[in-house]
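**Student:** Here is how the chains run, residue by residue.
Protein chains: 2
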Amino acid sequence: MKNVVSVYNTLSRTKEIFKPLNPPLVGLYVCGPTVYGDAHLGHARPAVTFDLVFRHLQHIGYKVRYVRNITDVGHLENDADEGEDKIAKKAKLDQLEPMEVVHYFTRRYHQDMDALNVLSPSIEPHASGHIIEQIQLIEQIIENGFAYSVNGSVYFDVLKYNNEHHYGKLSGRVLEDLLNNTRSLDGQDEKRNPFDFALWKKAQPEHIMRWPSPWSEGFPGWHLECSAMSARYLGNQFDIHGGGMDLMFPHHESEIAQSVAAHNTEPVNYWMHNNMITINGQKMGKSLGNFITLRQLFTGDHAALEQAYSPMTIRFFILQAHYRSTLDFSNEALQAAEKGLDRLLKAYALIPSLKAGEKSDSDVKRILDSCYQAMNDDFNSPIVIANLFEGVRIINSVSNNLESLTASDIDVLKSTFDTFVHDVLGLKADQANNINDDHKVGGLMELIIELRKNAREKKDFATSDKIRNMLSNLGIVLKDTREGTNWEIDK
Amino acid sequence: MKNVVSVYNTLSRTKEIFKPLNPPLVGLYVCGPTVYGDAHLGHARPAVTFDLVFRHLQHIGYKVRYVRNITDVGHLENDADEGEDKIAKKAKLDQLEPMEVVHYFTRRYHQDMDALNVLSPSIEPHASGHIIEQIQLIEQIIENGFAYSVNGSVYFDVLKYNNEHHYGKLSGRVLEDLLNNTRSLDGQDEKRNPFDFALWKKAQPEHIMRWPSPWSEGFPGWHLECSAMSARYLGNQFDIHGGGMDLMFPHHESEIAQSVAAHNTEPVNYWMHNNMITINGQKMGKSLGNFITLRQLFTGDHAALEQAYSPMTIRFFILQAHYRSTLDFSNEALQAAEKGLDRLLKAYALIPSLKAGEKSDSDVKRILDSCYQAMNDDFNSPIVIANLFEGVRIINSVSNNLESLTASDIDVLKSTFDTFVHDVLGLKADQANNINDDHKVGGLMELIIELRKNAREKKDFATSDKIRNMLSNLGIVLKDTREGTNWEIDK
Numbered sequence: 001m002k003n004v005v006s007v008y009n010t011l012s013r014t015k016e017i018f019k020p021l022n023p024p025l026v027g028l029y030v031c032g033p034t035v036y037g038d039a040h041l042g043h044a045r046p047a048v049t050f051d052l053v054f055r056h057l058q059h060i061g062y063k064v065r066y067v068r069n070i071t072d073v074g075h076l077e078n079d080a081d082e083g084e085d086k087i088a089k090k091a092k093l094d095q096l097e098p099m100e101v102v103h104y105f106t107r108r109y110h111q112d113m114d115a116l117n118v119l120s121p122s123i124e125p126h127a128s129g130h131i132i133e134q135i136q137l138i139e140q141i142i143e144n145g146f147a148y149s150v151n152g153s154v155y156f157d158v159l160k161y162n163n164e165h166h167y168g169k170l171s172g173r174v175l176e177d178l179l180n181n182t183r184s185l186d187g188q189d190e191k192r193n194p195f196d197f198a199l200w201k202k203a204q205p206e207h208i209m210r211w212p213s214p215w216s217e218g219f220p221g222w223h224l225e226c227s228a229m230s231a232r233y234l235g236n237q238f239d240i241h242g243g244g245m246d247l248m249f250p251h252h253e254s255e256i257a258q259s260v261a262a263h264n265t266e267p268v269n270y271w272m273h274n275n276m277i278t279i280n281g282q283k284m285g286k287s288l289g290n291f292i293t294l295r296q297l298f299t300g301d302h303a304a305l306e307q308a309y310s311p312m313t314i315r316f317f318i319l320q321a322h323y324r325s326t327l328d329f330s331n332e333a334l335q336a337a338e339k340g341l342d343r344l345l346k347a348y349a350l351i352p353s354l355k356a357g358e359k360s361d362s363d364v365k366r367i368l369d370s371c372y373q374a375m376n377d378d379f380n381s382p383i384v385i386a387n388l389f390e391g392v393r394i395i396n397s398v399s400n401n402l403e404s405l406t407a408s409d410i411d412v413l414k415s416t417f418d419t420f421v422h423d424v425l426g427l428k429a430d431q432a433n434n435i436n437d438d439h440k441v442g443g444l445m446e447l448i449i450e451l452r453k454n455a456r457e458k459k460d461f462a463t464s465d466k467i468r469n470m471l472s473n474l475g476i477v478l479k480d481t482r483e484g485t486n487w488e489i490d491k
Numbered sequence: 001m002k003n004v005v006s007v008y009n010t011l012s013r014t015k016e017i018f019k020p021l022n023p024p025l026v027g028l029y030v031c032g033p034t035v036y037g038d039a040h041l042g043h044a045r046p047a048v049t050f051d052l053v054f055r056h057l058q059h060i061g062y063k064v065r066y067v068r069n070i071t072d073v074g075h076l077e078n079d080a081d082e083g084e085d086k087i088a089k090k091a092k093l094d095q096l097e098p099m100e101v102v103h104y105f106t107r108r109y110h111q112d113m114d115a116l117n118v119l120s121p122s123i124e125p126h127a128s129g130h131i132i133e134q135i136q137l138i139e140q141i142i143e144n145g146f147a148y149s150v151n152g153s154v155y156f157d158v159l160k161y162n163n164e165h166h167y168g169k170l171s172g173r174v175l176e177d178l179l180n181n182t183r184s185l186d187g188q189d190e191k192r193n194p195f196d197f198a199l200w201k202k203a204q205p206e207h208i209m210r211w212p213s214p215w216s217e218g219f220p221g222w223h224l225e226c227s228a229m230s231a232r233y234l235g236n237q238f239d240i241h242g243g244g245m246d247l248m249f250p251h252h253e254s255e256i257a258q259s260v261a262a263h264n265t266e267p268v269n270y271w272m273h274n275n276m277i278t279i280n281g282q283k284m285g286k287s288l289g290n291f292i293t294l295r296q297l298f299t300g301d302h303a304a305l306e307q308a309y310s311p312m313t314i315r316f317f318i319l320q321a322h323y324r325s326t327l328d329f330s331n332e333a334l335q336a337a338e339k340g341l342d343r344l345l346k347a348y349a350l351i352p353s354l355k356a357g358e359k360s361d362s363d364v365k366r367i368l369d370s371c372y373q374a375m376n377d378d379f380n381s382p383i384v385i386a387n388l389f390e391g392v393r394i395i396n397s398v399s400n401n402l403e404s405l406t407a408s409d410i411d412v413l414k415s416t417f418d419t420f421v422h423d424v425l426g427l428k429a430d431q432a433n434n435i436n437d438d439h440k441v442g443g444l445m446e447l448i449i450e451l452r453k454n455a456r457e458k459k460d461f462a463t464s465d466k467i468r469n470m471l472s473n474l475g476i477v478l479k480d481t482r483e484g485t486n487w488e489i490d491k
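Just so you know, the protein sequences line up as chains U and A, in that order.
Residues in the first sequence are numbered from 1 upward in steps of one, following my numbering.
Residues in the second sequence are numbered from 1 upward in steps of one, following my numbering.
Next up, chain U with everything else stripped away, as it sits in the complex:
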């Protein structure tokens, strides 16, 4: 592997050289959505970020098994694992079986991800499909003494765990502070300590999503699924675990605790967290009520939006910031992204028409090298983009005969754009351009039919025949009727 990648590891708070456990294999796990509503910008960022990681690692030769889960059970309303399951709540509101809600929003999530050109992961396990693995994990944790059951529920014993290990190593939280800040909530009296978290919850009678277990008919705690499914598909120890920064505590912290308690091994070598998208400086999130869904962005149908933004504009907007920086939403920023992307793709499209000169006035090899260097340096997409814009400048200059590039340097430039614009950043011309094509073909045909009519009126049959022949080559047939000339696509 000639590319040496460095990764900012949340565990060490430093950039580390990436050394996979079993090269060229890489195990990558990323927390996916809880499917009870449409995806918003806050979902798009981790999806695009780890799509970038997935694409780059594959491009430089790794064979990546990318697991991104679907949370379809057990994600409760608040961090203390009490209250009502979000999906069950949505199902009750809509009078649906919870799995209908799950299926509906999973499908829409996939459509949104496809629109953003986010590659499908290798495996997309559902939490509800891995109850057995979760029960086995709980049994292991109990056997090792780090969990206790009360009234049919099972809780993780954080204090006991922290005596032997370190609860807080990822997030930097200190247990004493947690103790003072934990709110008193329903069901808390079953716990030995308020910061203990549920591994299994006994289902209330009205709860639909429930499974038998050694402790009760119930359902798993939210943190458990990721520990169980990552171990199932990537092993007890794997390379990279990603997710949004908001999941670092308590979710990822608890994942580490569960895995260490069950297997006595550190589950993850590199923890990667993308920073948040803010809207006017505030976190965007479903529970905060200030979110704009991706579908609203794509259609412009939201009071905060001045216009519709195409999926590729959203993707480019996200990639213009490094994944560890915050990214603030505004119409101005998205409009700037739209213009920038347009300039980038237009220049890209010009490359095949560039005419080679005898010398090169610019060092295009340097751009290629800088793109690799930036991606290898903790996936620094904004620096890649800055380098590509240096390429845009050169392309436009060569196209306008203001500077010159040799044929081999044009090839280098083409390969740079193919690799980084298309393969690694995953940018492409938007489908949106085609949506109006029907309309355009119709308009152009109207014009052509009128020009032909004028030609015939002037007895310019050379022109009118030429029109008919050129259209015929395009598979378009003209039909002259008493009411005028119609056209149709020849089958």
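Hints are supplied without guarantee of correctness; some may be wrong.
For chains that are exact copies, the list does not tell them apart, and a pair is met inside one copy or across any two.
What the hints assert, rightly or not - Below, in silico cross-link-like pairs of lysine-lysine (DSS-like), each with a Cα-Cα straight-line distance of 25 angstroms or less:
no., residue 1, residue 2
1, Lys63, Lys89
2, Lys479, Lys466
3, Lys63, Lys90
4, Lys90, Lys339
5, Lys92, Lys365
6, Lys346, Lys459
7, Lys339, Lys479
Bear in mind the hints are in silico, worked out from the structure with no lab data behind them.
Following the hints, complete the assembly by docking chain A onto the known chain U.
**Tutor:** Frame of chain U, contents of chain A only:
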């Protein structure tokens, strides 16, 4: 419900009036694909058939919960439930984790179904995600005395079941015949009778897909998942179970036996089976090696294909036959379907431009009534299509001023086409028409630029200005450069 639907019930071999258990709710379960390869015509037929059922029942006011499963474990190579799991085998060949194979082909199946305009079901449960429900079902069957465990595997006791119930009631098979025709296969010696089938199989050491159970680490038998998942999402008794005729025995027969053995209730009120697609009179199927995948049909990339066929042509081809008739594949038949669909959709597109007259020469209300009648009569799509073609004839006559329709009759015709072409048959203009639009716009622009050049050379500035202005209205800008005229879409 003013529409009375009759359904051919395989159980009674007659058409019966459809009476759902809890109107307006309808429970519909259909056997979905085993995801270890791309879908072929043999998968398209049940998908389109039950999509038609789903669409029509919803159109006439039922609230349908449509469950279609994904078989991702336990579908063995042969009917006797021995040998190797198809997915595990494919995974081994490709050196992948079985769930990677499952994810890859499930995604492709969804893309193919979207292309065919097959609506997504309400719930799409995976067999591997319902192991607990399957184990519970086995326990119930054992408790009721209809299954026995041997060496960690569990088998259904067909002979014992048949003493109290009727194994063969769906397929009409007779147990004695089965006895004489069952091949002797590996593992058969564990069974009391060769026609007994596995509910649970102990996993061989090399088997990856395995779960703990009261009997062994193993995996469920193929027939079990549908009994378990239909009961989970539709109840122990539900309205309609559909699938291909090839699944009637042993799969559906065994489903009935399992459900009756566990719950002592008939699980399904109406069994519906679509007939097979043949190719030169032979069944098409993966195990027969003569199949053409949908992707090959869409691209034309198969030795047996004279051309590519669009997804809508395939859909129309399937709907042109009643679902209980065989349907023989041939290039001629598909080409005829392509032409017929084109004629249908062209006439549909003409409706808005029809000019109303003072009287009606045709009885269009009769067409609407006949369409409802045909759909209510066991979903008779070919008769619906025949009626729509009577509509096509009328539309074309009115369009050519050969006959006349009143405004309100034009509305009836429009509503008939909207309902039956669009909503119920699920036909729409193919995306394929748009695929070439980029190319067409480019070709038309070339022609227009040349016409403008000629006009300018002849000092016909009126024409050249008109061209520029009309293009500008379409959002197309011309740029004259030293090398000639370019054009671009104005942003």
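**Student:** Take the hints in turn and mark each one as holding or not.
**Tutor:** The hints, checked one at a time:
1. Lys63 / Lys89: between (40 angstroms within a copy, 21 angstroms between copies)
2. Lys479 / Lys466: Close inside one copy (15 angstroms) and across copies (23 angstroms); limit 25 angstroms.
3. Lys63 / Lys90: For Lys63 and Lys90, only the inter-copy Cα distance (19 angstroms) is at most 25 angstroms; the intra-copy one is 38 angstroms.
4. Lys90 / Lys339: neither (39 angstroms within a copy, 46 angstroms between copies)
5. Lys92 / Lys365: Close neither inside one copy (59 angstroms) nor across copies (42 angstroms); limit 25 angstroms.
6. Lys346 / Lys459: neither (41 angstroms within a copy, 33 angstroms between copies)
7. Lys339 / Lys479: between (41 angstroms within a copy, 19 angstroms between copies)
Figure legend: structure checked against the earlier numbered hints; hints not met, in rising order: 4, 5, 6.
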